[in-house]
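J.: All chains, full assembly: derive it from the sequences and hints.
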Amino acid sequence: MEATECKTCPTTPRPCIFLHGLGNPNDVAELQDTPKLTRRKFGDMHGHAPCCSEIKYAVMNTKDAGWRNDTLQHKYCDFALSMSKTSDVATGTIDRTIIVTHSMGGLVLAHALATGKCRFSDTTSWVSLSPPMTGSMAVDYLMGACHNGTSGITEKLYDLVGQCPLNTARKSTIYQGGEFSSPSIDAAYVAAQKAYRDNVAAAMCSDSYVGLLSTYQAKCILAGTVIPHKSKKNDALVEFNSCLGGLDENLFGNHYLDTFYKPQLNHADTAFLNGDGLLKNSQKPKKWFECLQL
Numbered sequence: 001m002e003a004t005e006c007k008t009c010p011t012t013p014r015p016c017i018f019l020h021g022l023g024n025p026n027d028v029a030e031l032q033d034t035p036k037l038t039r040r041k042f043g044d045m046h047g048h049a050p051c052c053s054e055i056k057y058a059v060m061n062t063k064d065a066g067w068r069n070d071t072l073q074h075k076y077c078d079f080a081l082s083m084s085k086t087s088d089v090a091t092g093t094i095d096r097t098i099i100v101t102h103s104m105g106g107l108v109l110a111h112a113l114a115t116g117k118c119r120f121s122d123t124t125s126w127v128s129l130s131p132p133m134t135g136s137m138a139v140d141y142l143m144g145a146c147h148n149g150t151s152g153i154t155e156k157l158y159d160l161v162g163q164c165p166l167n168t169a170r171k172s173t174i175y176q177g178g179e180f181s182s183p184s185i186d187a188a189y190v191a192a193q194k195a196y197r198d199n200v201a202a203a204m205c206s207d208s209y210v211g212l213l214s215t216y217q218a219k220c221i222l223a224g225t226v227i228p229h230k231s232k233k234n235d236a237l238v239e240f241n242s243c244l245g246g247l248d249e250n251l252f253g254n255h256y257l258d259t260f261y262k263p264q265l266n267h268a269d270t271a272f273l274n275g276d277g278l279l280k281n282s283q284k285p286k287k288w289f290e291c292l293q294l
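If you count the sequence shown from 1, position 229 lands on 229 in the working numbering, and the numbers rise without skipping.
Hints should not be assumed to be uniformly reliable.
What the hints assert, rightly or not - What follows is a set of in silico ranges between Cβ atoms, one per label pair, in the way DEER data are often shown:
hint : residue 1 : residue 2 : range
1    : G144      : I221      : 15 to 23 Å
2    : N148      : G47       : 46 to 54 Å
3    : D159      : T115      : 27 to 35 Å
4    : S231      : A90       : 41 to 49 Å
5    : G149      : H46       : 39 to 47 Å
6    : R197      : E54       : 35 to 43 Å
7    : K232      : A90       : 41 to 49 Å
8    : D198      : N148      : 20 to 28 Å
Stated by the list, open to error - Derived pair list, reagent style DSBU-like, types lysine-lysine, alpha-carbon separation capped at 30 Å:
hint : residue 1 : residue 2
9    : K156      : K194
10   : K63       : K36
11   : K36       : K85
12   : K287      : K233
13   : K7        : K230
14   : K7        : K56
15   : K56       : K117
16   : K7        : K36
17   : K56       : K156
18   : K171      : K230
19   : K63       : K280
20   : K230      : K194
21   : K171      : K63
22   : K117      : K85
23   : K36       : K171
24   : K287      : K85
25   : K36       : K56
It is worth saying that the hints were derived from the structure and are not from the lab.
We put the CB at the ideal spot given by N, CA and C, even for glycine.
T.: As C-alpha cells, this is what we get:
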C-alpha cells in the first residue's frame, strides 16, 4: 500500500525536544542534536519531523532517579522551557514547543505537571510514546525474581530490563495497586494520569509485543509472554491499558494517520529505534510522527 506523503507541516513548525525514558546513566547539561548519548533510548528523527523547526535530545540520568523524583522532574521541565524564547521560566510556562516523551519519560513529565513544576501554554503539544501510566508488571515480576532467586528465563530478561538489584528508576515503575506499591505511590499515579489526560496531544500505545524485525524482537517476545502482564495486549514492558492512563480506548486507531495510534510495535520500536515496517500501516512509528498534525 502506498504511503501518504507528509513532508510539510500544516501549522508553523516549532522546536521539538525529545525526553527519554529510564535506563540511561548519562547526565549532560547541554541539549544534543542527536540521540547518541541517550544510550539507545531514542532513534534519530531528523528527516521525519516536518513540524519540528529544530530537534534536540535531552540526556538525563534515569537509572538513579525514579519518576517521582523532584530533581529529575525539574530537569525535564527546565529542558522543555529552554526550547522557545516565548516560554516563561518565572511561571514555568512552556510555550510554542513540541515535547516528545518515551516510556517513563511520560510519567516524569505528567507528575511534574501534576505537582506544578511546569505547565503548557495552548501552543505547546505533548506527544507521548508508551508511558507506563499504571506502572509495569515487568518490575513486579523481576523484583520478585530478584528476591526469590533467578531462573534461566529471567536471566534473559535482564538484557531488556537490567540486572538484580533493579536500579532506582526501574523500581519506581512498580505496578499501581500491586504487591510492591503503597497508598502514596498509588496516589502519585492517579495525579500523573489526570495530568496526562488533561495535557497530551497525541499518543502511541501498542497492544502487541512482537513488533518489527530487530535485535530487540526476540527479547520483547520473551518479555511479552513470560512476564505476568494483566493483559496479553502489551508492548513487552507496558500494557496497552497502562499506556492509556485513563484515555478512551476508542480514541485510538491502527493507522499511522491516527493522532492516537495503536500500532503493532514493541517497546523499542515505539522509541523510533527500528524504523518503519514496509507493509503494515500499523507498523510505521516514524511515518506516524511525520504525519502528526499538532
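J.: Against this structure, judge whether each hint is valid.
T.: So, going through the hints one by one against the coordinates:
1. Taking 15 to 23 Å as the suggested C-beta distance range, the pair G144 and I221 conforms, at roughly 21 Å.
2. Against the hinted window of 46 to 54 Å, the Cβ-Cβ separation of N148 and G47 comes to about 47 Å, which satisfies the hint.
3. A beta carbon spacing of about 34 Å between D159 and T115 agrees with the range 27 to 35 Å that was offered as a hint.
4. In this structure, S231 and A90 meet the distance hint of 41 to 49 Å, their C-beta atoms being roughly 44 Å apart.
5. For G149 and H46, the Cβ-Cβ distance of about 45 Å falls inside the hinted range of 39 to 47 Å, so the restraint holds.
6. Distance hint check for R197 and E54: the Cβ-Cβ separation is about 29 Å, which falls outside the suggested range of 35 to 43 Å.
7. Distance hint for K232 and A90: a CB-CB separation of about 48 Å, consistent with the stated range 41 to 49 Å.
8. The supplied range of 20 to 28 Å is broken by D198 and N148, whose beta-carbon atoms lie about 40 Å from each other.
9. Restraint check: the Cα-Cα separation between K156 and K194 comes to about 35 Å, which exceeds 30 Å; the hinted pair is violated.
10. Restraint check: the Cα-Cα separation between K63 and K36 comes to about 17 Å, which is no more than 30 Å; the hinted pair holds.
11. Proximity of K36 to K85 is assessed by CA-CA distance (about 26 Å); at most 30 Å being required, the pair is judged to hold.
12. Simply put, K287 and K233 have alpha-carbon atoms about 23 Å apart, close enough for the 30 Å limit, and the pair holds.
13. Distance check on the hinted pair: K7 and K230 sit about 39 Å apart at the alpha-carbon level, beyond 30 Å; violated.
14. The suggested pairing of K7 with K56 holds, with an alpha-carbon distance near 20 Å, which does not exceed 30 Å.
15. At roughly 21 Å between alpha-carbon atoms, K56 and K117 fall within 30 Å of each other, so this suggested pair holds.
16. As the CA atoms of K7 and K36 are separated by approximately 25 Å, the hinted pair is consistent with the 30 Å bound.
17. Using a Cα cut-off of 30 Å, the hinted pair K56 and K156 is violated, with the two alpha carbons roughly 33 Å apart.
18. Of the pairs offered as hints, the one joining K171 and K230 holds, with about 18 Å between alpha carbons and a cut-off of 30 Å not exceeded.
19. With a C-alpha separation of about 35 Å, the suggested pairing of K63 with K280 is violated against the 30 Å cut-off.
20. Between K230 and K194, the direct Cα distance comes to roughly 21 Å. Compliance with the 30 Å bound is thereby established for this hinted pair.
21. The hinted pair formed by K171 and K63 meets the criterion: a straight-line CA distance of about 10 Å does not exceed 30 Å.
22. Under the criterion of a C-alpha separation no larger than 30 Å, the hint pairing K117 with K85 is consistent with the structure, at around 19 Å.
23. Between K36 and K171 the CA atoms are separated by roughly 25 Å; this keeps the pair inside 30 Å, and the hint holds.
24. As the CA atoms of K287 and K85 are separated by approximately 29 Å, the hinted pair is consistent with the 30 Å bound.
25. The suggested pairing of K36 with K56 holds, with an alpha-carbon distance near 11 Å, which does not exceed 30 Å.
The structure fails hints 6, 8, 9, 13, 17, 19 (numbered hints given earlier, in ascending order).
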